[in-house]
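Student: Input sequences plus hints: build the corresponding full structure.
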Amino acid sequence: MTVTPPRSAALVVNAQSRTGEDAFREACRLLRLAGVELVSAVAVQDPAKLEGEVRKAVAAKAPMVIVGGGDGSLSSAVDHVVGSDTAFALLPLGTANSFARSLGIPIDMAAAVDVIANGRLRRIDLGMIDDDYFANFAAIGVAPLIAETVPHALKKWAGRPGYMVWAAIQMARFRPFRLTVGEGDEAETIDALEVRIANGGYQGGSELVDTQVDNGEIVVQAVLGAARAKLLWSWGLTLLGHDKARRTVREYRGRAFKIATDPPLPISIDGEVLARTPVTARIARAAVRMAVPA
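Using this note's numbering, the letters of the sequence shown map in sequence onto residues 63 to 356.
Hints in this document: simulated from the structure, not taken from any laboratory.
Any given hint might turn out to be false.
[What the hints assert, rightly or not] Label-pair distances were calculated between CB atoms; the ranges are:
no., residue 1, residue 2, range
1, L302, N180, 33 to 39 Å
2, A172, V65, 22 to 28 Å
3, W295, P340, 24 to 30 Å
4, G114, N180, 29 to 35 Å
5, D324, R87, 45 to 51 Å
6, P340, G114, 29 to 35 Å
7, G246, I169, 40 to 46 Å
8, R87, G145, 29 to 35 Å
[To be verified] In silico BS3-like pairs for lysine-lysine, Cα to Cα no more than 27 Å straight-line:
no., residue 1, residue 2
9, K306, K292
10, K123, K111
11, K292, K320
Think of the CB as a built atom: it goes at the ideal place given N, C-alpha and C, for glycine as much as any other residue.
Tutor: This is how it looks when you write it as structure tokens:
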């Protein structure tokens, strides 16, 4: 039986995301026109306060929480929905919107609202880095360098093209590393250029990993090599399709993996640097109910 999303919800929008401030009133208007009653609607000017607003809505037993923002906003919000009866929905207002792409949710505002009003509820997995839930993707390598340094104004005004230019600049700072996946006799150590820890298939707006958000597995994908040129080659092949880059990567699929690097390195989680190796990456099976396309 198909379960449709609730007809009432709390809306929390990160007004500092790329289109958040302009989109808030339009989101309110479109949701009401679609028949979704907003029990509360908040435009958060300070992104650090977004989690508190989501936590407040869940505590008030809102049937659904709609979060508008980029991947980082969604990742920080989803922790507070786990274990509750509140459904989760998203309005993709960021630069890459990778989690929305992994779920097949349109980037267009009106189409995303239609999913919330007329889609279905689906149990999806979440990833975990130690005890921190994440929605879509964690990464080791160039991605944390970008996340730590990219100017907010560049993301806001230049969007994905600006993001890609900044990524190219950060390549000059990047160094390959040694990666160990697993423990004891089952551990494997390789030369790596980048590590992607995936619940969903998209990172930076591009599909990099062949996986689904409800298949019960976490994927650790390492780009192999010790020369930066090989990372650029892998990226280039990925633009032709993730299957084209298969020979440049090694993948580990399962429920949980211990991950260590030499030297220890930062980890970006859905675009925000929130952890450092060594960590344990695992899957949280069917952790939340999401509004997805019918």
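Student: For each hint, tell me whether it holds in the structure or not.
Tutor: Comparing the hints with the structure gives:
1. L302 with N180: 33 to 39 Å: Cβ of L302 to Cβ of N180: about 34 Å, so the range 33 to 39 Å holds.
2. A172 with V65: 22 to 28 Å: Given a distance of about 23 Å, which is inside 22 to 28 Å, the answer is holds.
3. W295 with P340: 24 to 30 Å: holds (28 Å)
4. G114 with N180: 29 to 35 Å: The hinted range 29 to 35 Å holds for G114 and N180, with Cβ atoms some 30 Å apart.
5. D324 with R87: 45 to 51 Å: Since the Cβ atoms of D324 and R87 sit about 50 Å apart, the hinted range of 45 to 51 Å holds.
6. P340 with G114: 29 to 35 Å: holds (30 Å)
7. G246 with I169: 40 to 46 Å: holds (44 Å)
8. R87 with G145: 29 to 35 Å: Cβ of R87 to Cβ of G145: about 32 Å, so the range 29 to 35 Å holds.
9. K306 with K292: Holds: K306 and K292 sit about 14 Å apart, inside 27 Å.
10. K123 with K111: holds (19 Å)
11. K292 with K320: holds (25 Å)
Of the numbered hints listed earlier, not one is contradicted by the structure.
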